[in-house]
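Protein chains: 2
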Amino acid sequence: MQFTRFARATRCAAALAMTIALAALAAPGAYAQQTQSAPLGRTIATQGSANGVPACISCHGANGEGNAAAGFPRLAGLGAGYFEAQLAAFADGSRENSVMQPLAKNMSANERTAVAQYFSSLSAPPGIRTQDPSDAVPSDSGAWLATRGRWQQDLPACVQCHGPGGAGLGTAFPPLAGQPAAYIEAQLNAWKNGKRPPGPLALMPAVASKLNDADIHAIALYYAQQPQAEANGATAASQPQAATSEHAASFQPPPESAMPDGDFGKSVKLGEQIFRHTGQYAGKFVGNSLTCANCHIDAGRKADSGPLWAAFVSYPAYRSKNGHVNTFAERLQGCFNYSMNGKAPPLGDPVLVALESYSYWLATGAPVGGKVPGRGYPKLPAPAQKADYARGAAVYAQHCALCHGADGQGKNSNGQTVFPPLWGARSFNWGAGMHEVQNAAGFIKANMPLGLGGTLTDQEAWDVATFMDSHERPQDPRFTGSVAQTRAKYHDTPNSLYGTVVNGHLLGSP
Amino acid sequence: MQFTRFARATRCAAALAMTIALAALAAPGAYAQQTQSAPLGRTIATQGSANGVPACISCHGANGEGNAAAGFPRLAGLGAGYFEAQLAAFADGSRENSVMQPLAKNMSANERTAVAQYFSSLSAPPGIRTQDPSDAVPSDSGAWLATRGRWQQDLPACVQCHGPGGAGLGTAFPPLAGQPAAYIEAQLNAWKNGKRPPGPLALMPAVASKLNDADIHAIALYYAQQPQAEANGATAASQPQAATSEHAASFQPPPESAMPDGDFGKSVKLGEQIFRHTGQYAGKFVGNSLTCANCHIDAGRKADSGPLWAAFVSYPAYRSKNGHVNTFAERLQGCFNYSMNGKAPPLGDPVLVALESYSYWLATGAPVGGKVPGRGYPKLPAPAQKADYARGAAVYAQHCALCHGADGQGKNSNGQTVFPPLWGARSFNWGAGMHEVQNAAGFIKANMPLGLGGTLTDQEAWDVATFMDSHERPQDPRFTGSVAQTRAKYHDTPNSLYGTVVNGHLLGSP
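Chains as they are written, first to last, in our numbering: chain C, 137 to 646; chain A, 137 to 646.
Errors might be hidden in some of the hints.
As the list makes no split between identical chains, a pair holds if one copy fits it or if it spans any two.
As the list claims (entries may be wrong) - Simulated crosslink set (BS3-like; lysine-lysine; CA at most 30 Å straight-line):
| # | residue 1 | residue 2 |
| --- | --- | --- |
| 1 | Lys515 | Lys328 |
| 2 | Lys625 | Lys515 |
| 3 | Lys402 | Lys457 |
| 4 | Lys346 | Lys625 |
| 5 | Lys331 | Lys241 |
| 6 | Lys479 | Lys328 |
| 7 | Lys328 | Lys346 |
| 8 | Lys346 | Lys547 |
| 9 | Lys402 | Lys547 |
| 10 | Lys402 | Lys515 |
| 11 | Lys522 | Lys625 |
| 12 | Lys402 | Lys625 |
| 13 | Lys328 | Lys625 |
| 14 | Lys457 | Lys522 |
Rather than coming from a laboratory, the hints here were simulated on the basis of the structure.
Let the sequences and hints guide you as you build the complete structure.
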């Protein structure tokens, strides 16, 4: 009975592995012999516990590498915090698994901590990519869902939290790459069916609820194959579900599969790459750690996040920001000067031409000059209470710090930037539109936390936008030499905190 | 009875003027006294003829200035050829007028010639503008019809043949400015109702058939008021008739009345001015006597004549002409380099921004990337017979020389360019798209003669395009130093005559 339930859980009847596991359960004596000569975690992992818990490696492999055939997950290199939380969840029954629940219950809190620390100290097996393939993949494939998401449903890409290559990130986001397909599939189904605790921000139940069986299978296969040869990409088809976005009825850019071939197609594709990997493809024009896609979600496709298809049909236009009519190309230059804190490519530069080509292609069929629903960021009504830094800090800690970090820098433990830095030297500068509170509030309300857009109240969005925009960031390139004068000239609006004093600091001052 | 018919013809019961006229009819004796002492034409004009024709000035004014109240047209400064042809038409009854028919019949051919020469030698009255107002006018006004036409119906503007300000042009196009409203109205009605000979190319019956009563009244009022103070513009409304263009169901750019205000509107308006008066508004970038609107009829609005609304939604695009992806701005630069035989404005120049703004505005509502019907020039099927210079020359003489002149230079008798020069130093250069026969044939078939698009056969269009493009014109700016090499590099197509020998001349050679 237990075997049957276990097999159902992992969707893999792995008789050989079970034989080993059951043999280990029956031989607790091995434990006592070595418990004194090795750290507790290692002992339990390799020999089992005094209380009859079998050696973890019996199922999860001698080096914690997992067992793909059996669907047993890799443990090596998992973050200790995540690992320990899982054992606790098995122990209290909130995470269901007929094999692991009794084992975890049989361990003390101390033992669980020790085992978590042991496995987190082991290296992940070699061969796991930490970069996603840059080649185009079909937009209904596991690879696409994993690396691009499906934003018609506000479904973020796996890599947006689990890190490049799905290699795992911090304590909240475990590795996916190389985990057995059966294991990943079982976990997604568990979240979908309420069989696993929701975890931080309840992100995973939200994600899983938007995946159908084919999606889950495709994603699981994709990550199971990630450590293998690059040529071995998963392309199993998924059936996209009906769009759930607020603007489901609004303009839809063409699918990736419709991207044209030939020389024009190359320019479009290059534009998309620049948009998604700005530092990599247009590094000399970028002065921070952001990409275009950070503020234009789904690579410029998502409504209410400054979609490119809406921008393209809105230029030329007069902008009070610089007091003249701007072409689309000049508008793109503005992004480089301010949002990217860089130096704009000159007009006609292949970078601008490619971005314009990509935007034009995304706008295929959109009416020129049309006020297409979903353009820009939503304009939130003024908040009921005056937006407040302290309330914003609390919202930030609860909803944002998980990814962006308490320091707003979005780095992983290796110091790599994985989430967009929200302030400081590596963020947008004081000339960027996002530094204006109403813009940030609109963006946050519609799009944050990633995949959970619309879940914050308007007040929370205003408050947390105020918090974010109350931090120091790179100088406005139009700086006149005087903060007061620069504020008077460019920032004389309640929506800009530049030149105001927050927590005793004059924002914009060196 | 005769009085009643006359009044109906001119729609103005001018009792006083008639009294004078009838008095003159009754007093032929004045003629004999002076006939020996003055040239014949002057004598008849001022004193009447021996045969009882009264003095012309009795009705048409002492200096042939006409009588606005009575609706008697100005004769002074009319081209002798036109004048003589009208008297002949009255005489043979093909032009109906109950007063003029008996008088003209009563004159010998010699007398008619003499009178025509006399009045053509008199100066037109002062105050007639030779420029059209550059201010925007309502698109349903007489001023608009006179200066812009109504190209949904292939209705050209009056000024396109009658010259700037309607001041008259050559022997075929008499002045309109300052003619009595009643007279103009009567003539348009006469053409509409088959009461006046069709004239060159039967242009005027075609024009008049597209005007309703309100249009005719508005145009007549507009020209009647032309010599007066500039503030005195006519704005009588006309009811546009149903569009008759082949692409009536295709995209329609917004009406002039929808042009936006404010700074963006200024850029749009400037773009329109540049487009229509390119040498005046962007002179430093222009190297010939053409305007953008010469090849993009109705200021870039007309389908099948390279309409701007279709062009705007078609870029960025790869062009084999220069081997890379061109933005719309770069495409505009190409027009300056080749069609305008000039030097392109740099990217970002206000001239390009204004032209892009104007194009964008004209494209309002057009689908981005859409293959909108009417874009570019029509692609004609290959001609049944190989296109032929000699046949083309005959087509040209019959259908084109009227406006463009036998020498293709489009000048009036004062040496001013009034119609686009088709070849020679003041025309497009060897790099322009129009130098390729299939482009020229498509344009001509759809648009030429002006207002009579579609009347030439495909074969005639191919032949006359071949004739036009067999003439010398400014060098291709990409000239390598060798005609043969330049042909091999840029013109190696049966559609380009560059580098081929026509009538013993190597086209493209100095």
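Earlier hints that do not hold, by number: Violated: hints 1, 4, 6, 9, 13.
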